[in-house]
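Bring the two chains, given one by one in their own frames, into a single complex with the hints.
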Amino acid sequence: MSGTDAGPPDVDLGRVWLGVAAQVWRREPGWAERAAGRLLRSPGLARALVTTPSLLLGWLIATPVVLVAGVLATLGTGTPYVPLLAPAVAAAGIAYAYGPGIDPAWELSRSMAVSDRMVLLVRAVAVFGLNAALGLAASAASGAAAALTFGWLVPMTAVCCLALAAATLARSANIGVAAGMSGWVITVLAGQAAAGRLTAVITDSSLILPYLAFAACCGAVAAYATRIPRGTS
Amino acid sequence: MNVELTDLTRRFGRTTAVSGVTLEVGPGVFGLLGPNGAGKTSLLRMMATVIPPTSGRLRLLGRDPGSYAPRREVRRRLGYLPQSLGYYPGFTVAEFVEYFALLKDMPPGRVPAAVAAAIERVGLGDRPRAKLRTLSGGMLRRAGIAQAIVNEPELLLLDEPTAGLDPEQRVAFRGLLRDFGQRATVIVSTHLVEDVGAACTQVALMEQGRIVFHGTPAELTARGEGSGAAGDAPLERGYSAVLAAARSVTAARA
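Top line first, the protein sequences correspond to chains A and B.
Going by our numbering, the residue at position 51 of the first sequence is 51; the numbering climbs one at a time, nothing skipped.
To get our numbering, take the position in the second sequence, counting from 1, and add 1000.
Just chain B, same shape as in the assembly (with noise of 0.2 Å):
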């Protein structure tokens, strides 16, 4: 398994953002769905050594981010695309993936072939010498997408990645996802479900920083028949049935 989550729990302040997290995500596409402030964030800061846990333990391609150089390591095989991409704005695309695969210690001579094949998997490839300022959001997000699969990661973390993009460049994205999904374990942040519908073999929903449901896209569509849950696609309607139910005994033990 290339992560290992045994009870993660992550307080900030009085707030509980994760609450004894468990899982276990092997190579292939995992979802993780929520509403907003479920947690996913926070999970995801964790998985890529950003925060480290309150309590718990963690485990990421084997090994314990907890002390420094398996830290070092996990994170050489580690692609993160945070919620809120900073950037440098006079930065060219290229540069700015250059910049983070030399962070993310590849080896010099490799570096300049490994920028060009990313900025071309995220169709930037005629835009490379574009300063990031003058890019739209959906080009912004795609030179992060670049930055995070530049070092062909064995382990990607991606925070709503199809936010900003439009219907086409999702649709190519979720192809890039499927393939990355063949030989690595992506995680994907989205509360956009057709997203996980269409691009993940697993998801997870979370709800009050737990995970109130972990199984297959078909299971969570199944949850939602004969609900009356509401929602427009059929994963939506499983999506609202498990939110629902996990709010009903949250609300029935408070």
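Bound conformation, chain A alone (with noise of 0.2 Å):
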């Protein structure tokens, strides 16, 4: 712990030095983070956002690799496992976005003026975005018929709700991806059950307002769960 150090009475040198080290310390936001911080209007938040762990260079390799897997075994086997696979994948990239023991710093986040319910909230979205476009360009690739390629995205959005429920209640990433993954093979199980297909949970459209009210009701949890605590008493 240093004090600037006195230089000549007429130059302040402590001051000159910290004016030249602000310039040669500065950190260059990237074109993401720059872009974020111009729709969002919130440097702090654009710097949450990018610092996001399941938006880190390590899960963003890890998704597209699980994706292309499953082109390839869907391709290999008529079985498409694409829109099977990408819920459960956008899933645990939601549990993994935000909170205690994923955010090595989510204590003292807690305490920013940003809030840390923003953050989650543009994580959150910004990991769902980002699957769903991964999701739907294999799918793509796949050569699934249209009702596959975008059947998915309204129960991946239920699974999803699930796992950031499950995560933010439980204070658990790992509850949430159990919960995101468990709730979907459950789903999957039990629509083949029903209907004698893996994909009759995918393509059966009377199953979208369930799914639909079944995210609503999640994220009501999930709300409640990050609630901004009203008064002190």
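Calculated directly from the structure, the hints in this document are not laboratory data.
Quick reminder that beta carbons are idealized off the backbone N, C-alpha and C, glycines included.
Some hints here could point you the wrong way.
To be verified - Cβ pair distances, simulated, as ranges:
id: 1; chain 1: A; residue 1: Ala-133; chain 2: B; residue 2: Glu-1152; range: 41 to 49 Å
id: 2; chain 1: B; residue 1: Pro-1089; chain 2: A; residue 2: Val-66; range: 21 to 29 Å
id: 3; chain 1: B; residue 1: Gly-1175; chain 2: A; residue 2: Val-66; range: 47 to 55 Å
id: 4; chain 1: B; residue 1: Glu-1152; chain 2: A; residue 2: Arg-34; range: 25 to 33 Å
id: 5; chain 1: A; residue 1: Leu-13; chain 2: B; residue 2: Ser-1136; range: 22 to 30 Å
id: 6; chain 1: B; residue 1: Val-1249; chain 2: A; residue 2: Leu-57; range: 52 to 60 Å
The following block contains the structure:
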């Protein structure tokens, strides 16, 4: 812990050095952060967005790898694995977007002016959007019919909301992932048992409303779990 | 008063971490002493707006942080160093401090100069581009202090700030505390009595969630005189005497 050294009486060397250091040490935001900053109108929120654990390079590589494996399996076997995989991958990404144990400085972040709820919301939307885009690309590449290519987006919304609700309520990303994945597996297996097809839970349009209602309920749970405490008593 | 606590209580399930604390703290360096589990960290976390109180009234910098807008305003003027400082291993010191400067809503144009000043003040000016994963425990602690002071806070809350610092760094850190205490309210939670004696103008001692002493370090020292309490230094003897008296009252009530 050092103070700034005193210089000649007419020149404040400490001040000069700080000015130099500020320029030399300053970090230039990348294009994604600059774009997010303009969109969100908050440099802090943009910085929080680009540090999302499930948007870091390793995760960004792993997600397409899993989906490409799904494409290859689909092309090889004829079973549409991509629409079955994509919701689970997205749910894991959502659960790992923010929270204790996942974000190293979570405790500190909770004392910041940029609300942690807003950080969670922005990160969840970004992870969802990215996973939806990658899933759609993989789905299209696997040559699936239109109903299969787009049909999983609504179930994915429900599964992601379930993962988010579980992660925020239990304050554990792992529980969020477990809830999202097991919920999706149970749904798919139940669909197969009822209709005799693995893809029944994706292609059956009568399930859209129940999916959306379930997503809304899970969203409400996540909103409650991250609520801003009103009053101090 | 920058901090006004009235009958503040915080429970975690059946455990009462903080029990009916009433306290007013103005500018200066305020030491929060107590044994492990006394409730210091919970009290500090409430003041840092990380957790809400279960009951009681909390006012920080003249505002009620229970609602959104005042809380945001308080957080802009707050510096907080948690006991367990989480950090991003791939961040450099400068990136780490800058990240929290941005999250504190500092005007982006002011951030580079503020980051440089904070890093210099904690003595990490020779390692601004060192990755956090390469730093020692003491250096990480200093990086944590730098993020806490980057916005020139009016309320600075430090939980065990000297943990991991070597004696030379601790002496320098106390100077930094005194400097901040000239214009801000600095609350330091520690179990190191000598830090309090050297830097604090006021001190409170917590035991089992309650404040059992509030006064100056000299008054705490006076409590130990002739008490026969254990301790190598006068302040430690005062600390031990107050704790022993508080525990005997608790035992008598039980």
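Against the structure, the hints come out as follows:
1. A:Ala-133 - B:Glu-1152: 41 to 49 Å: Distance hint for Ala-133 of chain A, Glu-1152 of chain B holds at roughly 42 Å.
2. B:Pro-1089 - A:Val-66: 21 to 29 Å: For Val-66 of chain A against Pro-1089 of chain B, whose Cβ atoms are near 25 Å apart, the range 21 to 29 Å holds.
3. B:Gly-1175 - A:Val-66: 47 to 55 Å: Once the Cβ atoms are compared, 54 Å apart, the range 47 to 55 Å for Val-66 of chain A and Gly-1175 of chain B holds.
4. B:Glu-1152 - A:Arg-34: 25 to 33 Å: holds, 27 Å
5. A:Leu-13 - B:Ser-1136: 22 to 30 Å: holds, 29 Å
6. B:Val-1249 - A:Leu-57: 52 to 60 Å: Cβ of Val-1249 of chain B to Cβ of Leu-57 of chain A: about 58 Å, so the range 52 to 60 Å holds.
In terms of the numbered hints stated before, the structure departs from none.
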